[in-house]
Amino acid sequence: MSAIEPFLPFLLRGALVTLQVTLLGLALALVVAFVAGLGRLSSRRPLRWLAGGFIEVFRGTSVVVQLFWFFFALPFFGLQLQPLVAAVLALGLNGGAYAAEVVRGAVLAVPRGQGEAATALNMSGYTRLRRVILPQALPLMLPPFGNISVDLLKASALVSLVTVSDLTFRAQTVRSSTGETALVFALILVIYFVLALALALAFRMLELRARSDGRPTLARLFRLDALAGRSPSA
Amino acid sequence: MNWDWAFAWEIIPRLLDGLVVTVEITLAGSVIAMVLGLVIAIVRFSKVPVLSQVVGGLVQFIRGTPLLVQAFFLFYVFPSYGLTLPALTTGILAIGIHYSAYAAEVYRGGIESVPRGQWEAATALSLSVRRRWTGVVLPQAIRAVIPSLGNYVIAMFKDSAILAAITVVELLNTAQAIGSDSYRYIEPLTLAGLLYLLVSYPAARLIRGLEHRLAT
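Which chain is which? The protein sequence lines are R and L, in order. For what it's worth, this note's numbering labels the leading residue of the first sequence as 1, then goes sequentially. For what it's worth, this note's numbering labels the leading residue of the second sequence as 1, then goes sequentially.
Bound-form chain R, shown alone:
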């Protein structure tokens, strides 16, 4: 441990970058998820196709391919992105495509009668969504969103490949200057695991608060299913 001890603050700053990329990606993913997820449920056909096409393309290729495309291919359209911007964009759009399916599933899971009752009460489409549908759909979305956030954290390691100075990138730096290979990578694996647990825990807390019967007791909090990751079919 002593050989890499001087590098610990350096690595921990990398962990902060990792967390930053993950949270920014998550924020973008949530916006994208609602836009694409609700778009896919729209009554307008072009909107439905557009959303469907976006979702299938971003779920059908891997996040690292998308990242490389944003970083290496976009400049040919005259658009040179900062590495961090390309990173957040790739993570957000990819995570958003998966999360859009979660939004769609949750909205469809709200009983039909609820929407019909809202229409009968003469609510506008927007009010119906905001006051009736989404409040019931949101609690259903939280557990899968937790999985997606852990997936985003893990995918964030890929941004090191486009020169973002995250935890993995810095581990490579430390490796080449100390030669302590096994130690450095074992250490950052543990850091990633701790971050993943923290994210899963945060979403678990939200989930318990959203449930009417739920108080976030410790016993409930530590039943962490979120590390299971999203099921790829989700």
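For the record, the hints were derived by calculation from the structure and aren't laboratory data. All values reported here derive from a predicted model rather than from experimental measurement. Cβ coordinates follow ideal geometry from the N, Cα and C atoms, glycine included. Keep in mind that the hints are not guaranteed to be accurate.
To be verified - Here are some chain L residues the structure puts well away from chain R; computed CB gaps all over 10 Å: (1) Ile42; (2) Pro49; (3) Val69; (4) Leu83; (5) Leu85; (6) Arg116; (7) Arg130; (8) Ala144; (9) Arg184.
Said to hold, decoys possible - Distance windows between CB atoms, simulated: (10) L:Leu58 / R:Gln80: 56 to 62 Å; (11) L:Leu125 / R:Leu8: 56 to 62 Å; (12) L:Ala215 / R:Thr127: 36 to 42 Å; (13) R:Leu79 / L:Val50: 25 to 31 Å; (14) R:Pro46 / L:Val48: 30 to 36 Å; (15) R:Leu79 / L:Val48: 24 to 30 Å; (16) R:Thr163 / L:Ala6: 30 to 36 Å.
Said to hold, decoys possible - Short derived list, chain R residues pointing at chain L, Cβ under 10 Å: (17) Arg13; (18) Leu16; (19) Trp69; (20) Val184.
Since the structure of chain R is already known, use the hints to place chain L on it.
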């Protein structure tokens, strides 16, 4: 925007070679994941003291950490113990082990879905432990989880692009190499993306169909 069709045509054969390697990684990795995952699931289900807990913790750890870092770990650590493997082999091992942790959970769900009566009947017939698993439980458990396993195979196909980072010459790495040789990234990377889509989308549709058929 300046898409060069002639260049795009010219590089397709090289990209297809890369796609073949990607498919090979997926198939070899799947074999490891399916077999190792099953072993893990049975060990965990059998509640062998200590061993089951250790394996369970390891599964959680593998699922909570990035495949890229795991691949780096194997890639750099094997040689320092005198074990020098080709990058492709290391990559297949990394992705196979990573997904075995996911496959184990899938199998576990399948095993738990086998009704208790089946176990009791096997005990009543005094079948050996081996026969109980291979003759009664597993045939029912595995049938139920084939679509889920299929989805993970597609996920492996897509994730195999991560192995480009440890110098495995698969589809993404090939596209990347063409890009840096020719200073044109737009055609190789776009075509690579399309090739991934061309395989994974129909495969996903196929599995969705299979899900419906098995559900009835």
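Problem - Beyond 10 Å from each Cβ of chain R, as asserted for Pro49 (chain L) - result: Since the minimum Cβ distance to chain R is about 22 Å, Pro49 (chain L) lies beyond 10 Å and the statement holds.
Problem - Given as non-interface: Ala144 (chain L), partner chain R, CB spacing beyond 10 Å - result: Since the minimum Cβ distance to chain R is about 14 Å, Ala144 (chain L) lies beyond 10 Å and the statement holds.
Exercise for the section: Check the non-interface label on Leu83 (chain L): least C-beta distance to chain R beyond 10 Å or not. Expected result: holds (12 Å)
Exercise for the section: Evaluate the condition: distance from the CB of Arg116 (chain L) to the nearest CB of chain R exceeds 10 Å. Expected result: holds (23 Å)
Problem - Beyond 10 Å from every chain R Cβ - status for Arg130 (chain L) - result: The claim stands: Arg130 (chain L) keeps its Cβ more than 10 Å from every Cβ of chain R (closest is about 30 Å).
Problem - Thr127 (chain R) and Ala215 (chain L) - C-beta distance against the hinted 36 to 42 Å - result: Holds: the Cβ-Cβ distance is about 37 Å, inside 36 to 42 Å.
Practice task
Measuring Cβ to Cβ, find out whether Ile42 (chain L) lies farther than 10 Å from everything in chain R.
Solution key: Per Cβ check, Ile42 (chain L) is outside 10 Å of chain R; nearest 19 Å; holds.
Handout entry: Pairwise beta carbon distance, Leu79 (chain R) to Val48 (chain L), judged against the given window 24 to 30 Å
Key = violated (56 Å)
Practice task
For the range 30 to 36 Å, tell me whether the beta carbons of Thr163 (chain R) and Ala6 (chain L) fit it or not.
Solution key: holds (32 Å)
Handout entry: Leu16 (chain R) as chain L interface residue, shortest Cβ-Cβ below 10 Å
Key = Violated. Min distance 17 Å.
Exercise for the section: Could you see if the CB distance from Leu125 (chain L) to Leu8 (chain R) stays within 56 to 62 Å? Expected result: 60 Å Cβ-Cβ, so the 56 to 62 Å window holds.
Handout entry: Whether the CB-CB distance between Leu58 (chain L) and Gln80 (chain R) falls inside 56 to 62 Å
Key = violated (43 Å)
Violated hints for the displayed structure, listed by number in ascending order: 3, 9, 10, 13, 14, 15, 17 and 18.
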